[in-house]
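Trainee: In case you want the letters, here they are:
Protein chains: 2
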Amino acid sequence: MDDLKTDFYLSGYADGEGCFCVTFNKSNRHKFGWDIRPSFSVSQNKDRSQILGLYKERWNCGTIRPDRSDKTVKYEVRSIGDLVAKIIPHFENYPLLSEKQREFKIFKEICFLLLGKEHLTRNGFNQVRNLSEQMNASGKKRYPRNKIKI
Amino acid sequence: MDDLKTDFYLSGYADGEGCFCVTFNKSNRHKFGWDIRPSFSVSQNKDRSQILGLYKERWNCGTIRPDRSDKTVKYEVRSIGDLVAKIIPHFENYPLLSEKQREFKIFKEICFLLLGKEHLTRNGFNQVRNLSEQMNASGKKRYPRNKIKI
Chain A
577 MDDLKTDFYL
587 SGYADGEGCF
597 CVTFNKSNRH
607 KFGWDIRPSF
617 SVSQNKDRSQ
627 ILGLYKERWN
637 CGTIRPDRSD
647 KTVKYEVRSI
657 GDLVAKIIPH
667 FENYPLLSEK
677 QREFKIFKEI
687 CFLLLGKEHL
697 TRNGFNQVRN
707 LSEQMNASGK
717 KRYPRNKIKI
Chain B
577 MDDLKTDFYL
587 SGYADGEGCF
597 CVTFNKSNRH
607 KFGWDIRPSF
617 SVSQNKDRSQ
627 ILGLYKERWN
637 CGTIRPDRSD
647 KTVKYEVRSI
657 GDLVAKIIPH
667 FENYPLLSEK
677 QREFKIFKEI
687 CFLLLGKEHL
697 TRNGFNQVRN
707 LSEQMNASGK
717 KRYPRNKIKI
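Protein chains in written order, with the numbering used here: chain A, 577 to 726; chain B, 577 to 726.
Note that these hints are calculated values from the structure, not bench results. Any given hint could turn out to be false.
[Claimed, not checked] As a list, the in silico BS3-like pairs of lysine-lysine whose alpha-carbon atoms are at most 25 angstroms apart:
no.	chain 1	residue 1	chain 2	residue 2
1	A	K647	A	K681
2	A	K681	B	K581
3	A	K693	A	K725
4	B	K632	B	K681
5	B	K647	A	K717
6	A	K723	A	K684
7	A	K662	B	K581
8	B	K632	B	K662
9	A	K607	A	K622
10	A	K684	B	K581
11	A	K684	A	K632
12	A	K647	A	K684
13	A	K647	B	K723
14	A	K693	A	K647
15	B	K622	B	K607
16	B	K647	B	K684
17	B	K581	A	K622
18	B	K681	B	K723
19	A	K647	B	K717
20	B	K684	A	K681
21	A	K581	B	K725
22	B	K725	A	K632
23	A	K581	B	K607
24	B	K647	A	K581
25	A	K723	A	K581
26	A	K607	A	K684
27	A	K717	B	K607
28	B	K693	B	K662
29	B	K632	B	K725
30	A	K693	A	K717
31	A	K717	A	K581
32	A	K693	A	K723
33	A	K581	B	K662
34	B	K632	B	K602
35	A	K581	B	K581
36	B	K662	B	K602
37	B	K681	B	K581
38	B	K681	A	K622
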């Protein structure tokens, strides 16, 4: 399969199994007391995790490791540089076809705010928080965004 | 996105979310007392199930309906004619890249045995049963295949 075909394939796979995520963790070392981390990940059962290697190989970034929470293996990209330089352009070129595309667009907006260090201003921080509130609505958030006040 | 790209995308999505399945149900109306049904299905949460419409549209077969067991929606192809004429050729042309490809190959073999009515002979039936035993090893089977004796 040539690269172009692999790219469409990887988008299709990610549409089902991928996750754009922005977590907030309490931290004294970060401005306003919160460490904001964006990530893209794809999880898979251990017995058929070879597909995760395709992502790593194709994008030349990210890590593959067992997920502590269950019997899955996770491919994850957490570097903001890699997210903006590699992951976001991929999904711009080979777009998701489901409602997850909406998540991607918010994720992209957040990544650019973080890259531009906008979250170090009160306005920018609140913008990131409000945007992240619109993501993964059905997923459980450790810190509900409306409880994060600065 | 043109059709070719959609096809690779749909394979990628199916590699994560799709299922090749062969169920055995007790039946007095079927030879040897068992009704054997192959199916291909893709499930998705209700709130982002629009991708299932892509399969139906692209393959012009199958049904989309709520899954009684949970809050998902399922696209399913059960007709042996559609499976052999449409689904199997699709995955021949746009192959799965994970271990699920192994499942597909067994599934294909079973579908051709069923289409050729080989399961109506004792040998053919046992062949289908043995092949199906090698599928979805981690999934729960209502009737463990080694308990099905004819």
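Trainee: Now tell me if each hint is right for this structure.
Mentor: Each hint, compared with the structure:
no.	hint	result
1	K647(A) <-> K681(A)	violated (30 angstroms)
2	K681(A) <-> K581(B)	holds (21 angstroms)
3	K693(A) <-> K725(A)	holds (19 angstroms)
4	K632(B) <-> K681(B)	holds (22 angstroms)
5	K647(B) <-> K717(A)	holds (20 angstroms)
6	K723(A) <-> K684(A)	holds (23 angstroms)
7	K662(A) <-> K581(B)	holds (20 angstroms)
8	K632(B) <-> K662(B)	holds (11 angstroms)
9	K607(A) <-> K622(A)	violated (38 angstroms)
10	K684(A) <-> K581(B)	holds (23 angstroms)
11	K684(A) <-> K632(A)	holds (20 angstroms)
12	K647(A) <-> K684(A)	violated (29 angstroms)
13	K647(A) <-> K723(B)	violated (29 angstroms)
14	K693(A) <-> K647(A)	violated (36 angstroms)
15	K622(B) <-> K607(B)	violated (38 angstroms)
16	K647(B) <-> K684(B)	violated (29 angstroms)
17	K581(B) <-> K622(A)	violated (28 angstroms)
18	K681(B) <-> K723(B)	holds (24 angstroms)
19	K647(A) <-> K717(B)	holds (20 angstroms)
20	K684(B) <-> K681(A)	violated (39 angstroms)
21	K581(A) <-> K725(B)	violated (44 angstroms)
22	K725(B) <-> K632(A)	violated (46 angstroms)
23	K581(A) <-> K607(B)	violated (44 angstroms)
24	K647(B) <-> K581(A)	violated (32 angstroms)
25	K723(A) <-> K581(A)	violated (43 angstroms)
26	K607(A) <-> K684(A)	holds (22 angstroms)
27	K717(A) <-> K607(B)	violated (53 angstroms)
28	K693(B) <-> K662(B)	holds (19 angstroms)
29	K632(B) <-> K725(B)	violated (37 angstroms)
30	K693(A) <-> K717(A)	holds (23 angstroms)
31	K717(A) <-> K581(A)	violated (35 angstroms)
32	K693(A) <-> K723(A)	holds (22 angstroms)
33	K581(A) <-> K662(B)	holds (20 angstroms)
34	K632(B) <-> K602(B)	violated (30 angstroms)
35	K581(A) <-> K581(B)	holds (7 angstroms)
36	K662(B) <-> K602(B)	violated (28 angstroms)
37	K681(B) <-> K581(B)	holds (23 angstroms)
38	K681(B) <-> K622(A)	holds (21 angstroms)
In summary, the structure is inconsistent with hints 1, 9, 12, 13, 14, 15, 16, 17, 20, 21, 22, 23, 24, 25, 27, 29, 31, 34 and 36 from the numbered list given earlier, while agreeing with the others.
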